[in-house]
Amino acid sequence: MKKIIAIAALLLGFISAFAQDGKSIYMKYSDEPNVSAVYVSPAMFRMIGRIPDIQTGSEGVNLTPVIQALTGLYIISSENQDINDRLAKDVNRFIKNGTYELLMEAKEEGEKMTMYTCGNEQTINSFVMLAAEGTELTFICLDGKLDRPQLESLMADATK
Amino acid sequence: MKRIEDIENLSLEELEKAAAGVSVPDGLADRLKASLAAETLLQDDRKRHIWRNSVVASLALAAAIAVGVFVFRPAEPKDTFDDPLLAYAQVEETFQFISNHINKVYNK
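Sequence order for the protein chains is A and B. Going letter by letter, the first sequence gives residues 1 to 160 in this note's numbering. Going letter by letter, the second sequence gives residues 1001 to 1108 in this note's numbering.
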């Protein structure tokens, strides 16, 4: 009986250690000092979707179809080196443990940017970006059911 | 003294003849029945113990998993914005941030 309880406790420990997603990374770092954190919930995205005739930015592409497919936005940004090191490690572990594939990577002096997606050929369930510029590190995670061709078209429009 | 192989090769009539000469202690049949009954009860008891321990173990595991799910799951974070228009502006800014980085890659 004691063995069974000990095994169950160990299982719980393993589950909590390995269960990571954008939300858990956000929860871990959002209350740390010297961290900027932004969270938009599924409920807020639904409210945004109901706003009629949203005015997009002067050079913005039409985000309405993408907005309606989003269920969560998590942003963590910091200039604290210790937090940046820990955040980068956590994000890399989170990527390795999940089914993410590398979408894009760019490195130049003082800057590094990587983008990952999780999903299939038709749908992206999660988009993750980690951007390091000088002393600032930014983690962005978008969750939802994004149409992959639509998002790729959006990104292609952004480069014009 | 006969060997086991020899005894196994004896016919039924020869076995009966050999057994006829052996005196059976009084009450042996009753003692054998009592032993067999006790053994059966013991086995039933063991089976009941195993079944009871399995049920308790399963319930303990289910309770541990339920506690893990409800106690250790991360709490829901609070929305940064109360106004959907501000939230939309942030989403737009985020996409602009992403596209700026993509532009840097394509314009190298």
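Worth flagging that the hints you see were computed from the coordinates, not collected in a lab. Do not take every clue at face value.
As the list claims (entries may be wrong) - DEER-style ranges, computed between Cβ atoms:
#, chain 1, residue 1, chain 2, residue 2, range
1, B, Glu1093, A, Glu109, 19 to 29 Å
2, A, Asn120, B, Val1055, 34 to 44 Å
3, B, Leu1059, A, Arg50, 44 to 54 Å
4, A, Arg50, B, Ile1050, 53 to 63 Å
5, A, Thr99, B, Val1055, 29 to 39 Å
6, A, Ile51, B, Ala1066, 33 to 43 Å
7, B, Leu1059, A, Lys89, 54 to 64 Å
8, B, Ala1060, A, Glu121, 16 to 26 Å
9, B, Phe1070, A, Thr135, 38 to 48 Å
10, A, Glu111, B, Ala1060, 51 to 61 Å
As the list claims (entries may be wrong) - Heads up, incomplete: computed chain B residues facing chain A, CB under 10 Å, no partners named:
#, residue
11, Ala1034
12, Ala1037
13, Thr1040
14, Leu1042
15, Thr1080
16, Thr1094
17, Ile1102
18, Lys1104
Since this is a predicted model, take the numbers as computed values, not measurements. Positions of the beta carbon are idealized from the N, C-alpha and C atoms, including for glycine.
Comparing the hints with the structure gives:
no. : hint                              : verdict
1   : B/Glu1093 to A/Glu109: 19 to 29 Å : holds (26 Å)
2   : A/Asn120 to B/Val1055: 34 to 44 Å : holds (42 Å)
3   : B/Leu1059 to A/Arg50: 44 to 54 Å  : holds (46 Å)
4   : A/Arg50 to B/Ile1050: 53 to 63 Å  : holds (59 Å)
5   : A/Thr99 to B/Val1055: 29 to 39 Å  : holds (37 Å)
6   : A/Ile51 to B/Ala1066: 33 to 43 Å  : holds (40 Å)
7   : B/Leu1059 to A/Lys89: 54 to 64 Å  : violated (39 Å)
8   : B/Ala1060 to A/Glu121: 16 to 26 Å : violated (44 Å)
9   : B/Phe1070 to A/Thr135: 38 to 48 Å : holds (40 Å)
10  : A/Glu111 to B/Ala1060: 51 to 61 Å : holds (53 Å)
11  : Ala1034                           : violated (33 Å)
12  : Ala1037                           : violated (30 Å)
13  : Thr1040                           : violated (27 Å)
14  : Leu1042                           : violated (22 Å)
15  : Thr1080                           : holds (5 Å)
16  : Thr1094                           : holds (6 Å)
17  : Ile1102                           : holds (6 Å)
18  : Lys1104                           : holds (7 Å)
In terms of the numbered hints stated before, the structure departs from hints 7, 8, 11, 12, 13 and 14, listed from lowest to highest.
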